Amino acid sequence: HIFEGNWVYLAHESQVAGINDYLTTQIGRQSIVIARNRDGQLNAFINACSHRGAMLCRHKSGNRSSYTCPFHGWTFNNSGKLLKVKDPAEAGYPQGFNCEGSHDLTRVARFESYRGFLFGSLNPDVRPLAEHLGESAKIIDMIVDQSPEGLEVLRGSSSYVYEG
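Residue numbers (full-length UniProt numbering): 1 to 164.
If you're looking for bench data, these hints aren't it; they were derived computationally from the structure.
Because the structure is a prediction, the values reported are computed rather than measured.
We treat Cβ as the ideally placed atom computed from N, Cα and C, and that holds for glycine.
Check each hint, because a few of them may be wrong.
Per label pair, the in silico range of CB-to-CB distance [what the hints assert, rightly or not]:
no., residue 1, residue 2, range
1, His72, Gly164, 31 to 39 Å
2, Ser102, Tyr160, 31 to 39 Å
3, Gly18, Gly53, 24 to 32 Å
4, Gly150, Pro70, 35 to 43 Å
5, Val144, Ile19, 17 to 25 Å
6, Glu163, Ser102, 32 to 40 Å
7, Glu163, Asn6, 19 to 27 Å
8, Val153, Ala109, 21 to 29 Å
Given only the sequences and the hints, what does the whole structure look like? Please build it.
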């Protein structure tokens with residue numbers, strides 16, 4: 001519960017550099033997808049179908065313009081918008097089904113970049129990122145300012161799990 005209510009470092013923009021690139025990560029117990037859409041915009045949403053909650057992305061990273069739920073075949077674009085459902089005429093959906101994005105993927109409540117470092121929070125009322133980073137922003141600035149070409153995260157990762 002601690003991590004789900006605060007800002008969490010998710011990834012660096014260089015890890016989702018290309019159009020349609022995606023990366024999965026966690027905020028607390030929630031699986032998150034960070035995806036770059038065809039316009040180059042980064043989006044972060046819960047890695048679960050809005051219909052029955054099945055996990056959409058089972059790989060750590062990849063390149064896809066859409067995600068199809070393995071349960072009932074709902075398909076979403078990499079901005080989280082519901083594109084199509086199986087047999088819409090036969091499924092018995094109500095008249096106002098999927099109006100104004102009602103069945104799009106759930107966006108991460110707060111998602112921001114600081115100098116290419118991506119942070120997210122499931123709490124919409126979390127304090128501003130700049131305030132959360134405080135003096136640590138100076139360390140990020142020093143790291144990024146070392147190269148005029150910017151920063152790139154190399155392949156590989158370390159994961160730590162505390163069972164407690």
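Hints, verified against the model:
1. A hinted range of 31 to 39 Å for the beta carbons of His72 and Gly164 is consistent with their spacing of about 36 Å.
2. Remark: the range hint 31 to 39 Å for Ser102 to Tyr160 is upheld by a beta-carbon distance near 38 Å.
3. Restraint check, Gly18 to Gly53: a C-beta distance of roughly 29 Å satisfies the suggested window 24 to 32 Å.
4. Hint check: Gly150 to Pro70, Cβ distance near 37 Å, so the stated range 35 to 43 Å holds.
5. Look at Val144 against Ile19: about 23 Å separates their beta carbons, and that is inside 17 to 25 Å.
6. With their beta carbons about 38 Å apart, Glu163 and Ser102 fall inside the hinted range of 32 to 40 Å.
7. Against the hinted window of 19 to 27 Å, the Cβ-Cβ separation of Glu163 and Asn6 comes to about 21 Å, which satisfies the hint.
8. The hinted range of 21 to 29 Å is satisfied by Val153 and Ala109, whose Cβ atoms lie roughly 24 Å apart.
In summary, the structure agrees with every hint in the numbered list given earlier.
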